[in-house]
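Asker: The opening position of the sequence shown corresponds to residue 1 in UniProt numbering, with each subsequent residue numbered one higher.
Think of the hints as simulated: they come from the structure by calculation, not from any bench. Keep in mind the model is a prediction, meaning the values are calculated, not measured. Quick reminder that beta carbons are idealized off the backbone N, C-alpha and C, glycines included. Honestly, I wouldn't trust all of these hints.
[Unchecked claim] Each pair of labels, with its calculated beta carbon distance range:
hint : residue 1 : residue 2 : range
1    : Y394      : K564      : 38 to 46 angstroms
2    : E559      : K532      : 13 to 21 angstroms
3    : R10       : I628      : 44 to 52 angstroms
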Amino acid sequence: MGCCYSRIEREEIVSRCKARKKYMKQLVKARQAFSASHTMYLRSLRSTGSALLQFANAEADLHLHHHHHHHVQPLPPPQTPPPPPPPPMSPSSDTWTSVTASPALPPPPPPPVSSSSAWDFWDPFVPPSLSRSVMEEEWEEASEAAQVVVTACATPQRSVVSGFSKDTTTTTTTTSELAMVVARNGKDLVEIVKELDEYFLKAAEAGGQVSSLLEVSSSSFSSQSSKEGKVYNYGFNLSPSLWTWGLSPKSNGFRKFGEEMLGSGVAGGSVVSDSHCCTVERLFAWEKKLYEEVKTAEAIRIEHEKRVEQLRKLELNRADYVRTEKTKKEVEKLESQMMVASQAIETTSAEIIKLRETELYPQLIGLVKGLMCMWRSMYECHQVQTHIVQQLKYLNTIPSTEPTSEIHRQSTLQLELEVEQWHQSFCNLVKAQRDYIQSLAGWLRLSLFQISKNPLSRTSQESRIYALCEEWHIAVDHIPDRVASEGIKSFLTVIHAIVVQQAGEHKQKKRSESAFKELEKKVTELRSLECKYGPYSMQESSGFTSGKDPVAEKRAKVEILRAKAEEEKTKHEKSVSVTRAMTLNNLQMGFPHVFQAIVGFSSVCTEAFESVYNKAKSADEELDVKRIMG
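Make the full structure from the sequences, and use the hints.
Answerer: What follows is the structure in structure tokens.
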């Protein structure tokens, strides 16, 4: 039995059907992965925009606290420098307000003030006038230090779209929205990021049509895995034993049952005939049936050949009449079964062709069109974002000396997490689409030829679907996704640098606080000794015989600890300044690269799917003309 089964599996027609079934099984999984990764990518766009907005609000709060701090302390008369001349703007720009503009914000912080009124690290033992303040000179040093850190982790200055077929950084979109996004000095970080968030949302909305094409409209059509086969929520278990029913016309109970389930969809009238999910899963069910039918037919054919050879030998040797007649009847029965099996194969093949022509091909055309429109809209949204982030270089914020708050640290960690998810979901989306089209193309290469004794033939419809998928396959393989992936990853790198700097600042804050706590403890001990022996105890007057003055020793230790606490405080202040400078520098450096990269990718995707779609439509139009002329 094992040898016979192995022989059947080696037959070309059986191995072909087995490969077809394998490709279709892969396609079912690939469609699910494609749909899931597409949904996750759209979600990551929304989440990235939201996380950016939270991060910007947290950063703005630090500057707002800095602003209020300057007002609660007595200030000397400010020496306001003359305002810089405004950049030239078009008339329409003067009156333009963003759709996402926030309510009226507090007035900008005051100009730089003298060091005596700058923020002080609180010390209960040192008069405020003696505590060290942060100078504006220090801000310049901090900016230089932050620039060194940024340069070490930022992407190269070369254009990140150089890996694409054309430089898309100079391309302008035809939408009127881009004309409204101009660089002007009136926007702060929150307003800029609000606009970015708006276009993240618009880019995510652009993928809605593709989501509806990839996903089945009802959860009742989702498939689940089982050991015995594929269990679909149609209410039926498509186990392999079901496919053995087609041996005789009378016993072919599958036809009525199968047509109800596979041919027309779900029993009960809730079929979604145009669902891509349903079509692919029904094709897989038919392919499994075809595979079992072909195996059965081959087993009958092999047995028939064996009996025919046996009958030939019996007749040649003039064997027993009864035995010869019995063998003849067995041969005739096998021939009848072969005919039934052949008809079952033809019927199943016809159902597969019907699904492929009437459902799958239009769905693929719709999917290609949906992807084309999606990437075109995303290209426009990301191009607008590219121009929005150019306004970051016009930010002229007075440096804040407020330390990073816990809320700000958490918002930065969340931003890092969301950008990392954006990068991962982008890579998953590209891979899932490649797996999908590869499985589909592989199945088509094997399934375009009818399984019959007739010469292999192709129909015009088969040629069109094959050409569509081959063009699609080539287009996806040639899309330079690595450039876009690295662009998102470079943005992740600069965000991570901020996370690391904030963590360092937090650790330095703990060191400074610990040093002042230790100082406070020793000062308390010193005060106790001074109360006991007097603040200026001398060896002679206090009656010490050991040769040591405990008050003087304690005071010396206190001074050492005070110097250490001041040093730790200075390090913390410097760390805060570096964090504030790094944050702005990283945003100014990282933002343009990521959007240039994604703009380039979107542009190439748009052109690729336009080409695939236009070629398919041209082929359809040519066929329509031939039909009319015929």
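Asker: Please flag the earlier hints that this structure goes against, numbers listed from lowest up.
Answerer: none
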